[in-house]
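Peer 1: Make the full structure from the sequences, and use the hints.
First to last, the sequence lines map onto chains L and P.
For the first sequence, our numbering gives the first residue as 4, with consecutive numbering after it.
For the second sequence, our numbering gives the first residue as 93, with consecutive numbering after it.
I should point out that these hints are in silico values taken from the structure, not numbers from a laboratory.
Only a predicted model underlies this, so the values are computations on that prediction, with no experimental measurement involved.
Each residue gets a CB set at the ideal place from its N, CA and C atoms; glycine is no exception.
Possibly wrong hints are sitting among the right ones.
As the list claims (entries may be wrong) - FRET-style restraints, in silico, Cβ to Cβ:
hint: 1; chain 1: P; residue 1: E255; chain 2: L; residue 2: E137; range: 22 to 32 Å
hint: 2; chain 1: L; residue 1: Q138; chain 2: P; residue 2: G289; range: 36 to 46 Å
hint: 3; chain 1: P; residue 1: V293; chain 2: L; residue 2: R143; range: 39 to 49 Å
hint: 4; chain 1: L; residue 1: R143; chain 2: P; residue 2: P205; range: 22 to 32 Å
hint: 5; chain 1: P; residue 1: S292; chain 2: L; residue 2: H140; range: 35 to 45 Å
hint: 6; chain 1: L; residue 1: Q138; chain 2: P; residue 2: Q303; range: 38 to 48 Å
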Amino acid sequence: MIAPLVALGLVALLALGAWKRTGSMHALRAAVLLWGSGASAWLLATNPQGPEWGLLALPGVLALPRVSLRMFATWVVGLLPLVLLAAWVNGCSAQNQGWAAILLGGTLCSARTHSAQTVVVSKIETYLRLLGVEQHHAQRIASSSARGTTWTLSVLLVLLSLALWMWSHQLVLASVALAWTPAAALLLLVRGWNVRRSETVSSTDPTFRLPRQASIADGPLAFSERPADGSEELFRE
Amino acid sequence: MFHIEKLTTQCGIGATPAVEDVSFCVLPHRPLGVLGQGGSGKSALAAALAGLLPLACGNIRVESADSEALDVRVLPEGPVCWPGSAQQLWETLRATCVAPENCAAWRSQYNGPMDRLPLDDARLELLRMLIALRPGLLVIDEPTLNTVESIRAWRRELRVAAETGLRLVLLSRHEIMLAACCEDLVILFDGRVVAQGAFSVLAPGALAMAQQRYGA
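Peer 2: Written as structure tokens, this is what we have:
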């Protein structure tokens, strides 16, 4: 029981060393994440009746709000099914598997939404400051406006975890119904976001095209030598 | 007159500042276009003018005794990042105005929904709000790259604003868009000014193209 934990600790120490040397917070977060998730997976797999061991993942969860989306996705897609598979192989009861799923999925998603909230708050704050709103006002407005969205998202994700738990109890129809609610809501949210993005990103005017990559090594401007056919090169090539 | 003198930001990519030694002046009634491709320092210039990007050196000077002359507002690029209602946004912006008594009545001209900003032309509505605030300098980062109709609408708003004496700076990577709205032109490349002058001198072709597409 001790050996894997020691091995994990060593890897985490290596990551800590990298952090000390490079000063990169990513290395520190990776160390904490590795320790929390690794210990959680191993203990859950070797203690079939003790889903509360999943609590050991909390250090990793605490590190998550500052990790990248790619890292988070790797964690969820790669490790979470492994944890559940290990629990199932070791004869962990369906109930405990469900609780483990709720514990891990719910807290991870909450952590991730917290991370998303940080990004949203920062984006709104910068936007307002550019518009001329003072810093403290911008901070207050941004944090209060982002809270509602991320709380909604958190609730939806916890519902999804609950659906997982019901699935593990063979409550197939109920779990499918429950899972569809947040899934549909998420789809709507994503769609709304995409619509907002496309509002300014897409150009429906076929006459527009972006200027080519510039090269001004042989003279900066082409305006005075613009061809009569109306071509729109920004700079001379 | 609004003078920007030898503006150099502290940060950028590596050791190169995002904006380096940039000088120009903005006159009332003569909207200025800043042209440059992606990464040339347009948005960094906007952030520097708004005071959000620390300067290594340089100076922003206004030839006016009015306190509101130093009020710089930037309409950022991208979709409107405001989850509240149009009325709330207007109240928030108005509360930050140095001389609220000088604000024009934006609300009386607005017929859209008050519970949220209309999705299609939220930025245009935000532009109208900013114009109504009468700032000392209004910087617009990438006005629009949408339909011909939307460009015409933007041009109408900007021309009316310029006629009232508002100092305007438009940042874009598309010279035809700038030619449709601006009298003067500054060209940025790698954070530096490579040319500046009247649009009719620097880019007569773009001017002709703008007139052909969007009318005189």
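Peer 1: Hints first: check each against the structure and report whether it holds.
Peer 2: Here's how the hints hold up against the structure:
1. P:E255 to L:E137: 22 to 32 Å: holds (30 Å)
2. L:Q138 to P:G289: 36 to 46 Å: holds (37 Å)
3. P:V293 to L:R143: 39 to 49 Å: holds (48 Å)
4. L:R143 to P:P205: 22 to 32 Å: holds (25 Å)
5. P:S292 to L:H140: 35 to 45 Å: Distance hint for S292 of chain P, H140 of chain L holds at roughly 42 Å.
6. L:Q138 to P:Q303: 38 to 48 Å: With a Cβ separation near 43 Å, Q138 of chain L and Q303 of chain P satisfy 38 to 48 Å, so the hint holds.
Of the numbered hints given earlier, the model fails none.
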